[in-house]
Amino acid sequence: MRIATLQLSPRIGDVEGNIRRANTLLSILEKKLERLNGGTGAEWGGGADADSARGLLDVLVLPEMAFSGYNFPSLKAIEPYLEPTESGPSSRWARDTARRLGCAVCVGYPELAEAKEGPPPGSSLSATSLPTKKHNEPQQNGYVGYDKNETETKPTIGDDTVDLSSSNGATKTIEQEEEKINENNTSSNSTAPIRFNSALLVSPTGTTLYNYQKRFLYYTDEPWASEGRNGKGFFHLPLSSSTASTTTASNHTSSPTASAAVTIPTAIGICMDINPYKFQAPWHLCEFATHVLSSGAKLVLLPMAWLTLLSPLELELLADRPDLDTFKYWIMRFLPVIERGCVNGEGEGNWGDGIIIVFANRVGEERDGFRIGGEGDGVARYAGSSCVVGVRRKDRGWGTELEGAEIVVWEMLGRGEEGVCFVDTEREPKMVFRVGGRGRGDEGEDGDESS
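Number 439 in the UniProt record's numbering belongs to position 439 of the sequence shown; there are no gaps in the numbering.
Keep in mind that a hint or two might mislead.
[To be verified] Distance condition first, Cα-Cα at most 25 Å in a straight line; then the derived SDA-like pairs of lysine to any residue:
(1) K232 <-> E114
(2) K430 <-> L317
(3) K31 <-> E428
(4) K328 <-> S9
These are calculated hints, taken from the structure and not from any lab test.
Full structure from sequences and hints, please.
Here it is, written out as structure tokens:
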């Protein structure tokens, strides 16, 4: 597969300006694709080679709320930027871009939906009603840490290996957590429009594939958004004709609604969806990763606006280097996938039995936003580090459930740089992590690195 993300630094409320920023990055992506096709690198909109990039990409993923910005302090502040379901500026951009590139496009946006049976506006648990302890704890890259006195052990990743503790019992209470979500989503009916933090996915022809609504709300979402009402997030993504022929057919199916003959089962979440529900569910449940497994997804799309505690100076000085603490946390939230999600990966470049995860984060800083617990400074800084990751089991039957699994990284952007993350999963990855073992190279900090 060929996958790309645009790592933007959106300015809050500057929709037109943010779209221009995205188009600037798209011109870079187009040139990358044209080089693959032997094109000249002409810009969109003119010249004989204007369509030379078409059909060379399978999916383009943008961050959460890519064009509106994310950290709004209140419902009143975000109201001017709410977009009608599938028909606002984000939707128009996605459809135009999908038709131009001949690929699927995923973009996050703040949705204003028509009233249906489901939660009324403001039905989500308010930020101020959550336990004070949770709000007063420092944020760690977009999540809140557990009390050190808790008996549950969180997995960790070592310097050059992945050391993940057991998740036995991960499904024991998952049904109970789902019941809590359903209770929140069906508490009453309302005739007023409902607001969601959403992601729209469109096909290469510009038709809607799926409109996903974020289910697990972060503190910043709660003043204005309701929990998603349209399911956990699963659809079949059509592949372009140029890559469908090289994709293992056994794990992909034909879809009557897709514009291509071959599709790949795809799960989607938005940022906080990979965390424990309201930071209160047991760590080991890994609700989103469990959904990935139960759905049979082979591709995972994650538009994000993931935070970091790094200072502005740290972000500036190390802008082109990934935030590896954030990356390690993301990987830990997919422990069930690493344990049980892939069993027959054989050979480099074969992803018929592996799972590909796309982390599409943003960068930059937003001020005068939501103050968590009423005590924050209203400043949000984002961790960047967008990447495309694969999970597979290299050696069948070797060691424990975790041992023998591999985590490969084809590309990862820096923590502070705007840019394009483009990968072809048929090519060699830049980094390979062997779970529970030493890396194969001398890349001492984070595993082996290959060209």
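Against the structure, the hints:
1. A C-alpha spacing of about 20 Å is found between K232 and E114, which places the hinted pair at or below 25 Å, so the restraint holds.
2. In summary, the hint linking K430 to L317 is supported, as the alpha carbons are separated by about 23 Å, within the 25 Å threshold.
3. As the CA atoms of K31 and E428 are separated by approximately 21 Å, the hinted pair is consistent with the 25 Å bound.
4. Between the alpha carbons of K328 and S9 the distance comes to roughly 22 Å, so the proposed pair stays at or under 25 Å and holds.
Comparing the model with each earlier hint shows no violations; every hint is respected.
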